[in-house]
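Kindly generate the complete structure, drawing on both the sequences and the hints.
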Amino acid sequence: MRTIKFRGKNLYNNEWIFGDLIQYESGEMAIFSKKLSQYGCEATEMFNRSKVETTTVGQFTGLFDKNGNEIYEGDIISVNGKYPKLVRYIDDYACFCLANIKDLDEKMDTGYWHQVSPGWWNSSKRIIKVLGNIHDNPELID
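If you read the sequence shown in our numbering, its first letter stands for residue 23, the second for the next number, and so on.
It cannot be assumed that every hint is accurate.
When the alpha-carbon atoms are kept at most 30 Å apart in a straight line, the in silico DSBU-like pairs for lysine-lysine are as follows [what the hints assert, rightly or not]: (1) 88 - 124; (2) 73 - 27; (3) 151 - 88.
Per label pair, the in silico range of CB-to-CB distance [what the hints assert, rightly or not]: (4) 147 - 47: 33 to 41 Å; (5) 163 - 113: 17 to 25 Å; (6) 161 - 32: 20 to 28 Å; (7) 47 - 141: 34 to 42 Å; (8) 137 - 35: 20 to 28 Å; (9) 104 - 73: 16 to 24 Å; (10) 34 - 122: 17 to 25 Å; (11) 153 - 49: 25 to 33 Å.
Rather than coming from a laboratory, the hints here were simulated on the basis of the structure.
Note that the structure is predicted; figures quoted are calculated from it, not measured.
For each residue, glycine too, the CB sits at the ideal point set by N, CA and C.
Have a look at this one:
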């Protein structure tokens, strides 16, 4: 079964929170941390819900880099130590895609999104490394 989880930056302390995403009618988002959700709904609601900055929310791709780091939407990865790329889910393709950093415009949008097949990910995971992400490491996209 595929692991579905998200990350986002806590609105109050700017730390990353990982777990289940909730989007309220207001548009605000919160993440329930997986660590305490095993104790039941009441404990989760009382102790484990963190509101997050919506622009920082990204989904786990289900993939790992060569060092075992999880790869999330919004991460910047390198392939074989070169070619920095941004990871993003593209609705038109219904999959996670990559774009070369040099091809991105200032809105982080481009027509150069590349669909990546599961075969490519599997054959390349030994040479993919997470360098950072667009939220903590904006210098990687300059």
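Here is how each hint holds up against the structure:
no., hint, verdict
1, 88 - 124, "23 Å, holds"
2, 73 - 27, "15 Å, holds"
3, 151 - 88, "6 Å, holds"
4, 147 - 47: 33 to 41 Å, "39 Å, holds"
5, 163 - 113: 17 to 25 Å, "22 Å, holds"
6, 161 - 32: 20 to 28 Å, "22 Å, holds"
7, 47 - 141: 34 to 42 Å, "40 Å, holds"
8, 137 - 35: 20 to 28 Å, "36 Å, violated"
9, 104 - 73: 16 to 24 Å, "38 Å, violated"
10, 34 - 122: 17 to 25 Å, "35 Å, violated"
11, 153 - 49: 25 to 33 Å, "30 Å, holds"
Checked against the numbered hints given earlier, this structure breaks hints 8, 9, 10; the rest are met.
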